[in-house]
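S.K.: Residue numbers (our numbering), protein chains in the order written: chain A, 1 to 202; chain B, 1 to 202; chain C, 1 to 202; chain D, 1 to 202.
For the record, the hints were derived by calculation from the structure and aren't laboratory data. Just to be clear, a hint being listed does not mean it is correct.
One copy or any two copies: either way a pair holds, since identical chains are not told apart in the list.
Heads up, simulated DMTMM-like pairs for lysine to aspartate or glutamate below, C-alpha to C-alpha not over 20 angstroms straight-line [to be verified]:
#: 1; residue 1: 32; residue 2: 202
#: 2; residue 1: 28; residue 2: 17
#: 3; residue 1: 108; residue 2: 130
#: 4; residue 1: 200; residue 2: 8
There are 4 protein chains.
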Amino acid sequence: MRKIDPTECEHLVSSIELMASHLENVAKILNKEDINSMISDIMNANSIFVMGAGRSGLVGKTFAMRLMHLGFTSYVVGESTTPAVEENDVVIAISGSGETRSVADLGKITRDIGATLVTVTSNRNSTLGELATTVMEIPGRTKDDVGGYLERHMRGEYSQLTPLGTSFEIASMVFLDALVAELIVITGASEADLKSRHAKLE
Amino acid sequence: MRKIDPTECEHLVSSIELMASHLENVAKILNKEDINSMISDIMNANSIFVMGAGRSGLVGKTFAMRLMHLGFTSYVVGESTTPAVEENDVVIAISGSGETRSVADLGKITRDIGATLVTVTSNRNSTLGELATTVMEIPGRTKDDVGGYLERHMRGEYSQLTPLGTSFEIASMVFLDALVAELIVITGASEADLKSRHAKLE
Amino acid sequence: MRKIDPTECEHLVSSIELMASHLENVAKILNKEDINSMISDIMNANSIFVMGAGRSGLVGKTFAMRLMHLGFTSYVVGESTTPAVEENDVVIAISGSGETRSVADLGKITRDIGATLVTVTSNRNSTLGELATTVMEIPGRTKDDVGGYLERHMRGEYSQLTPLGTSFEIASMVFLDALVAELIVITGASEADLKSRHAKLE
Amino acid sequence: MRKIDPTECEHLVSSIELMASHLENVAKILNKEDINSMISDIMNANSIFVMGAGRSGLVGKTFAMRLMHLGFTSYVVGESTTPAVEENDVVIAISGSGETRSVADLGKITRDIGATLVTVTSNRNSTLGELATTVMEIPGRTKDDVGGYLERHMRGEYSQLTPLGTSFEIASMVFLDALVAELIVITGASEADLKSRHAKLE
């Protein structure tokens with residue numbers, strides 16, 4: 001067994017602190033009109049479909065699962081028993097860049113069907129941003145990077161501490177879970193209601 | 001189309017702030033010896049397997065994907081081409097309660113094979129905690145709940161703001177991504193290295 | 001580029017012929033009472049859940065998808081938006097040996113909930129066979145192997161031609177698709193009905 | 001509980017017999033040059049990637065799993081730890097029509113990367129057929145339908161007995177498992193070798 005020199009874990013701790021700080025910032029600058037539009041889209045939909053590639057797709061699955069717990073009819077695009085999208089459905093696309101090719105293609109089909117398309121992205125001016133009926137912008141790395149917390153505190157280590165799409169993916173997951181909190185209040189669901197729908201076979 | 005009364009989004013904002021505050025707390029109280037033990041397990045393993053049920057399983061997938069980006073040989077238990085676990089491998093089980101039945105069963109098999117078992121959990125004194133060679137404790141809801149931020153600020157709304165296992169799931173995801181940051185420094189990987197391994201077909 | 005000696009493909013051709021012959025045999029010896037019992041379980045269920053490990057699990061997913069196309073409410077155990085099983089639901093477990101540990105564990109939970117458990121297996125006298133309310137036996141390798149087509153024609157090459165659970169997995173898939181054919185007639189569904197429910201986002 | 005009239009299962013039995021007959025036909029008319037080309041592509045590849053949408057994608061997963069059992073490095077496009085495709089890799093696309101949009105898009109990217117693309121399809125003259133370096137044609141419904149077994153025996157019930165892509169999906173699965181049989185002989189693998197790589201955590 002190779003001996004690994006013990007680390008002071010300073011990068012790990014900095015990375016968590018950086019995400020905490022990023023989330024505080026996100027809480028302040030989210031656009032409330034967009035949030036209300038997204039809530040309205042979800043509440044009015046017949047069924048809610050979630051899609052995304054890679055880690056954004058996994059974040060989408062955590063959200064679709066909670067929507068089911070809340071009593072909504074929700075599906076993940078690409079899973080086995082996901083049916084055809086119809087006009088009265090909403091499709092929620094998650095893509096940091098807003099340019100993920102396959103997701104953008106499905107976004108176009110969504111609009112052709114006449115269904116509502118919500119894009120959760122850090123880039124409003126993107127293919128998926130422009131296709132969407134509602135754009136829910138989650139500040140990701142680019143926005144943060146300039147003259148903010150990162151420059152002041154992280155001395156350029158940002159790409160090590162939250163590489164690739166990490167900051168968008170975590171911020172999206174926290175945002176979507178916070179949206180669940182809002183939906184719990186709106187629908188009057190209790191934690192026991194959620195638990196009763198939670199899979200018993202797992 | 002039903003008209004939904006616009007909301008001030010106060011529960012959504014509180015939920016994000018609560019998670020940010022929780023993460024700051026997590027950054028402070030993580031056990032550095034456990035982290036070093038987990039890092040050593042990963043660095044010494046032939047292959048790294050990740051498993052978990054439900055949302056914890058999805059968090060596990062985001063971590064396994066980043067390990068692959070970093071150049072490690074990593075697998076998700078239950079995916080199509082995941083091979084047999086062997087003695088020199090490490091299996092990382094993610095379970096807030098440490099009691100998820102199917103995951104605990106696989107944890108026992110892992111130990112019978114002679115492989116290393118790391119349990120990421122908020123409950124050290126659990127079946128998976130006791131089976132593990134390394135327990136990586138991530139404070140979840142219970143720990144936070146007493147006399148801390150929640151009681152002082154949230155006045156009992158905690159279960160609405162981060163229902164079920166939400167706080168553990170997000171804290172695990174942020175912790176595991178922060179562990180990736182530490183591993184980036186240890187292995188000397190650059191963001192370009194990670195990007196070069198990122199799936200091109202998605 | 002390595003030059004691979006061209007093959008006459010005789011093992012490939014023999015393997016397909018062997019499966020064709022096996023299926024003809026399966027068509028003859030399936031127990032019609034069991035089939036009617038399984039049809040009745042499906043028609044009476046509120047929701048239909050399908051589960052299995054490895055390749056049997058993938059066969060289960062192809063069946064769950066077709067049930068959805070047919071208009072049934074169907075789910076795959078372990079997918080993101082699969083809800084809690086309830087008393088009026090049926091759970092279909094697919095396991096050649098009938099002994100797959102995790103599936104058997106979930107079979108027990110299914111019965112504890114009071115839901116109907118159908119086991120599709122080549123081994124009636126197994127844990128999952130004994131737990132089930134309906135056992136749908138699909139002859140697999142063992143049954144076939146003695147004094148039948150294989151001994152007469154294959155001269156002991158059987159394990160090469162359909163290794164591990166291959167013959168059960170294919171026979172199950174063909175059987176379940178044939179059950180879909182029967183359900184199409186019973187429900188009066190047209191191919192156009194099925195197509196209209198087929199996922200448009202894929 | 002609703003009483004379902006017991007059925008003589010004649011459609012179910014006919015559907016299995018039809019598939020058996022179809023497979024016998026497939027065994028006769030498969031192009032051996034294509035098979036040898038596909039075997040050579042697989043044997044020479046660094047890594048083997050499999051992709052497909054819906055039920056074809058599930059068939060692809062059963063094949064990727066067996067390739068891993070055989071000792072090949074294989075991945076399923078879209079799973080968590082699937083890395084970047086590189087020049088010396090082969091990508092196997094499964095699509096009955098050869099026109100599945102997202103799969104065709106990924107086929108284009110595969111060729112742009114310079115990797116080998118094998119298309120398993122019932123339609124050689126399709127987008128994926130034309131993109132491929134090797135086309136492995138599996139006769140599906142169309143081919144069978146004219147003047148053959150179906151017309152003579154099934155009196156137009158074909159679309160009920162094997163609706164949508166069923167006959168292609170099953171024929172592909174049986175073909176790919178038969179290809180595994182051929183690869184077992186070529187590589188000299190024993191069933192015990194396969195079993196030793198089979199997932200122990202499931």
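S.K.: Between the shortest in-copy and the shortest cross-copy C-alpha distance, which are at most 20 angstroms for residue 200 and residue 8: within, between, both, or neither?
M.R.: So residue 200 and residue 8 fail the 20 angstroms test inside a copy (41 angstroms) and across (35 angstroms) alike.
S.K.: Within a copy, between copies, both or neither: where do residue 28 and residue 17 come within 20 angstroms Cα-Cα?
M.R.: both (17 angstroms within a copy, 9 angstroms between copies)
S.K.: Give the relationship of residue 108 and residue 130 under a CA distance limit of 20 angstroms: within one copy only, between copies only, both, or neither.
M.R.: within (10 angstroms within a copy, 25 angstroms between copies)
S.K.: At most 20 angstroms between alpha carbons: which applies to residue 32 and residue 202, within, between, both or neither?
M.R.: neither (36 angstroms within a copy, 32 angstroms between copies)
Figure legend: structure checked against the earlier numbered hints; hints not met, in rising order: 1, 4.
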